[in-house]
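Student: These are the residues of each chain, in order.
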Amino acid sequence: MHVNVRLFARLRELAEAESLTVEVPTPATAATVWRALCVTVPALTPFERAVSCAINTNFSRMSQPVADGDDVAFLPPVSGG
Amino acid sequence: MLAVTRAPLSVDALAAEVEASVRTRGEGCGALASFLGVVRATHQGRAVRYLEYEAFDALALKVFAQIQAEAADRWPGAALGIAHRVGRLSIGEASVVIVAATAHRAESFQVCRYAIERIKQIAPVWKHEFFEDGEAWVEGAVVNPDDEAARARALEIACM
Numbered sequence: 001m002h003v004n005v006r007l008f009a010r011l012r013e014l015a016e017a018e019s020l021t022v023e024v025p026t027p028a029t030a031a032t033v034w035r036a037l038c039v040t041v042p043a044l045t046p047f048e049r050a051v052s053c054a055i056n057t058n059f060s061r062m063s064q065p066v067a068d069g070d071d072v073a074f075l076p077p078v079s080g081g
Numbered sequence: 001m002l003a004v005t006r007a008p009l010s011v012d013a014l015a016a017e018v019e020a021s022v023r024t025r026g027e028g029c030g031a032l033a034s035f036l037g038v039v040r041a042t043h044q045g046r047a048v049r050y051l052e053y054e055a056f057d058a059l060a061l062k063v064f065a066q067i068q069a070e071a072a073d074r075w076p077g078a079a080l081g082i083a084h085r086v087g088r089l090s091i092g093e094a095s096v097v098i099v100a101a102t103a104h105r106a107e108s109f110q111v112c113r114y115a116i117e118r119i120k121q122i123a124p125v126w127k128h129e130f131f132e133d134g135e136a137w138v139e140g141a142v143v144n145p146d147d148e149a150a151r152a153r154a155l156e157i158a159c160m
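So the protein lines, in turn, are chains W and H.
Heads up: the first sequence at position 13 corresponds to 13 in this note's numbering, and the numbers run straight through without jumps.
Heads up: the second sequence at position 81 corresponds to 81 in this note's numbering, and the numbers run straight through without jumps.
Derived by calculation from the structure, the hints in this document are not laboratory data.
Each hint should be verified, as a subset may be incorrect.
On the chain W side, residues computed to face chain H include the following (Cβ under 7 Å) [as the list claims (entries may be wrong)]:
no.	residue
1	35
2	42
3	43
4	52
5	75
6	79
7	81
Which residues of chain W face chain H? A partial, calculated answer using Cβ under 10 Å [unchecked claim]:
no.	residue
8	12
9	15
10	38
11	49
12	61
13	63
14	65
Idealized CB from N, CA, C, for every residue including glycine.
Next up, chain W with everything else stripped away, as it sits in the complex (with noise of 0.2 Å):
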């Protein structure tokens, strides 16, 4: 199946794009989705441990299920304020 991929700040550049379409093999968590990442983008991976997810616009564990077509977004630590 395919999910769509966002990156942000750090991700985002270092994948030089704020999208993509991944595919993973079903079933699939957020985990798995993160790991098909850095396979393709492999500069992301030292952030392994500090990065959030949201699947559809809501916080998720990286262990959540992911369906086809989901938008996956990859977060890293936040500096807001």
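Following the hints, put chain H in place on chain W, whose structure we already have.
Tutor: Only chain H this time, still in chain W's reference frame:
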């Protein structure tokens, strides 16, 4: 009362909106506290030229609504407005404006402080600093909205 915008922020406009929302609620509004985060000229000794803020707008608005709900739970009757700017900001410009309205003064400061601490913890917003001699993304908190300890810490700071 919640916004992510590329336009300059107005504390007066947000204050008017927040006050109007509680004018006729409960005891009414006797105190408005505001907080502005502004672009500082230096960061760890380096001269800042300007900043760029980026947000996951749709999720940031949900997070601001969550912070509003948390504040209403802890301070019944309080109202909270949050506006965050994105895009390029010059030194001295406001990146975030928070307004809290409560019946009495003490709680208005607490709600404001709680909101900025929670924004720092969980809002999907990123600051990119541009210096005279380089640039850097600021990477602060790893977002975990289920982290009750973080929420408790924000409450504790707000009520010091």
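Student: Give a verdict on every hint.
Tutor: The hints, checked one at a time:
Residue-level restraint check for residue 35 of chain W is violated (minimum Cβ-Cβ distance to chain H is 18 Å; threshold 7 Å). At a threshold of 7 Å, the smallest CB-CB gap from residue 42 of chain W to chain H is about 19 Å, leaving the interface hint violated. The closest approach between the C-beta of residue 43 of chain W and any C-beta of chain H is roughly 14 Å, which is over the 7 Å cut-off, so the hint fails. Because the closest C-beta pair between residue 52 of chain W and chain H is about 4 Å apart, less than 7 Å, the hint holds.
For residue 75 of chain W, the interface hint holds, since its Cβ comes within 7 Å of a Cβ in chain H; the closest pair sits about 5 Å apart. Taken as an interface hint, residue 79 of chain W checks out: its beta carbon lies about 4 Å from the nearest beta carbon of chain H, inside 7 Å. Hint status for residue 81 of chain W relative to chain H: holds, with the closest Cβ pair at about 5 Å, below 7 Å. Interface hint status for residue 12 of chain W: upheld, as the beta-carbon distance to the closest one in chain H is roughly 8 Å, under 10 Å.
Taking 10 Å as the C-beta contact cut-off toward chain H, the hint placing residue 15 of chain W at the interface is violated, the least distance being around 14 Å. Taking 10 Å as the C-beta contact cut-off toward chain H, the hint placing residue 38 of chain W at the interface is violated, the least distance being around 17 Å. At about 8 Å, the closest approach between the beta carbon of residue 49 of chain W and any beta carbon in chain H falls short of 10 Å, and the interface hint on this residue holds. At its closest, the beta carbon of residue 61 of chain W sits 8 Å from a beta carbon of chain H; the interface hint therefore holds under the 10 Å criterion.
Taking 10 Å as the C-beta contact cut-off toward chain H, the hint placing residue 63 of chain W at the interface is violated, the least distance being around 12 Å. Against a cut-off of 10 Å between C-beta atoms, the interface hint on residue 65 of chain W is violated, since the closest Cβ of chain H lies about 17 Å away.
Hints 1, 2, 3, 9, 10, 13, 14 from the earlier list are contradicted by this structure; the remaining hints agree with it.
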